[in-house]
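The listed protein sequences derive, respectively, from chains A and B. In terms of my numbering, the first sequence opens at residue 1 and continues consecutively. In terms of my numbering, the second sequence opens at residue 1 and continues consecutively.
Please keep in mind that the hints were generated in silico from the structure rather than gathered at the bench. Just to be clear, a hint being listed does not mean it is correct.
List of simulated lysine-lysine pairs, DSS-like, C-alpha gap at most 25 Å [claimed, not checked]:
(1) Lys377(B) to Lys52(A)
(2) Lys378(B) to Lys50(A)
(3) Lys19(A) to Lys7(A)
(4) Lys52(A) to Lys261(B)
(5) Lys174(B) to Lys261(B)
(6) Lys52(A) to Lys174(B)
(7) Lys50(A) to Lys174(B)
(8) Lys19(A) to Lys378(B)
Given the structure is predicted, the values throughout are model-derived calculations rather than measurements.
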Amino acid sequence: MSENTVKCVKCGVALVLTKTVFQYMGRSFTHDVPTCPKCGAALIDRELAKGKMAEVERQLEDK
Amino acid sequence: MKRLALKIKEPQSADFGTTNSVCPVCRELLEAKRVLRGDDLYLVKTCLEHGTFDTVIWRGVSDFPDWFAPTEPAYCPADNNGSPACFSGGLCENHATGTCCVLTEVTSRCNLHCPVCFADAGNAGEDVPLDELTRRFSDMAARGNTFVQLSGGEPTVRGDLPEVIRAAVRCGIKTVQLNTNGVLLGQSAGYAQELAEAGLSFVFLQFDGVTDGVYEQLRGQKLLETKLAAIDSCGRAGLGVTLVPTVVPGVNDGETGAIIKFAVSKSPTVRGVHFQPVSYFGRTAKTPENADRITLPEVMRAAAEQSGGLVRLSDFRPSTCDHPRCGFHADFAVLPGGSLMRIAGKKAQDCCGSSTAHLQNREFVARRWTRSREDEKKSDCCDTGTLDGFLTRVKSHGFTLTGMAFQDAYTLETERLSRCSLHVQDSGAIRPFCANYI
């Protein structure tokens with residue numbers, strides 16, 4: 001996804017890739033996510049949620 | 001049952017409940033009582049014909065409360081001989097856990113003659129015909145059992161082992177594990193590559209210690225160089241190796257930490273260590289005393305105390321797909337420099353007892369014990385504080401410490417047997433592992 005193609009619905013400004021912290025089960029990870037430079041809202045798209053985020057959750061959870 | 005068990009009275013002991021077990025001599029079902037003495041747990045049972053048997057099953061109860069969490073009752077009925085039904089007929093309708101892995105013996109021949117061998121294998125014996133193995137693989141796959149352990153005897157003595165592996169893959173088996181002493185892998189250049197090309201997923205390597213004295217005592221000869229060569233061969237072939245020590249008190253329980261450190265140094269080829277406290281079935285030298293036994297908590301403690309801070313006691317979790325007291329696991333990734341990054345945490349609700357626990361475990365061990373060459377190529381440049389870096393490193397350098405306490409006729413608790421997810425398939429029934437070898 002190009003960061004210029006999506007705008008914040010609240011602020012109307014284009015999202016920019018921003019290093020964002022994810023926390024799960026006591027661990028923290030960073031990842032670049034399209035984020036509104038004005039209000040800070042981050043867009044987690046389906047690909048990230050069902051891809052890397054889900055995979056990290058699976059790895060962290062006890063078997 | 002033809003005989004009635006005596007009621008056992010232990011007035012000085014705390015009561016940890018009763019279970020069923022068997023007489024080690026006649027194999028008939030008996031009532032057995034778990035008795036706490038000090039901080040250690042014993043299994044006490046009496047056969048009217050063969051006497052009382054009093055066997056340590058857990059040394060150090062208070063440090064391991066999670067291994068004593070309540071489990072759903074599980075009951076194994078008697079067969080016509082008065083033994084547990086799964087001894088003869090296989091998994092019964094009461095069996096509480098699905099199949100995680102299926103072990104099948106491809107031969108009864110072996111190229112070692114170890115003083116201790118649960119399969120009682122030797123130089124004589126027979127190979128299971130390839131068409132019979134193919135039938136078993138098809139049957140497993142049809143039941144959804146797609147993780148097979150090729151065992152024996154020593155599977156590599158079969159000249160057609162690559163063809164056996166190809167047959168398993170053709171039948172729909174997704175994960176093929178080889179249980180081996182590593183002698184041929186270490187001696188024969190190119191053999192590991194041949195097995196890998198046939199479709200082998202990873203190797204479970206008998207690896208009892210890091211000194212030759214251990215092998216001389218347990219296997220009757222010096223084998224360390226052979227083991228190291230086997231690991232190197234697998235490394236070149238892209239095969240993951242999990243080291244499998246049989247832990248015997250006074251022989252190699254002092255090498256627990258050294259084995260872990262060695263395993264870490266061989267990451268990513270070596271994917272972990274799977275400890276098996278010695279059990280007394282198959283070929284053993286004598287009737288075991290309690291001093292001849294080492295229990296799971298002692299192995300965990302030894303790992304924590306001897307590993308120089310690499311491993312902590314709190315890293316270990318109970319088995320979630322078998323009975324809790326059948327096993328432990330700890331989950332890491334090896335970082336550049338050789339330290340361990342802890343991965344798995346404690347879920348709010350364990351999967352123990354759920355209908356999919358065996359499937360979760362199957363997926364977990366296959367994921368951890370299989371190498372990912374693609375991730376290995378890029379793993380050293382990655383920051384594990386990022387999503388991408390973490391995933392890459394876990395897949396390239398995943399490392400597990402696991403343990404499984406096999407039950408013999410002295411330590412058997414049928415409620416543990418009823419929760420077994422490691423099953424053995426021969427030409428007939430599918431049995432819980434311990435029921436097959438007792």
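- request: Would you mind confirming whether the straight-line C-alpha gap from Lys52(A) to Lys174(B) stays at or under 25 Å?
  value: Since the Cα atoms of Lys52(A) and Lys174(B) sit roughly 24 Å apart, the hinted pair holds (cutoff 25 Å).
task: For the pair we were handed, Lys377(B) and Lys52(A), check the Cα-Cα distance against 25 Å.
output: Given pair Lys377(B), Lys52(A) holds - Cα atoms ~19 Å apart, limit 25 Å.
query: Between Lys52(A) and Lys261(B), does the CA-CA distance stay at or below 25 Å?
result: violated (31 Å)
Pair hint Lys19(A) and Lys7(A), alpha-carbon separation not exceeding 25 Å: Status holds; Cα separation ~18 Å.
- request: Please work out if Lys50(A) and Lys174(B) have their alpha carbons no farther apart than 25 Å.
  value: Cα-Cα ~24 Å, so holds.
- prompt: Between Lys378(B) and Lys50(A), is the straight-line Cα distance small enough, at 25 Å or below?
  reply: holds (23 Å)
message: Please verify whether Lys174(B) and Lys261(B) have alpha carbons no more than 25 Å apart.
response: violated (31 Å)
- request: Starting from Lys19(A), check that the Cα of Lys378(B) is at most 25 Å away, please.
  value: holds (21 Å)
Checked against the numbered hints listed earlier, the structure breaks hints 4, 5; every other hint is satisfied.
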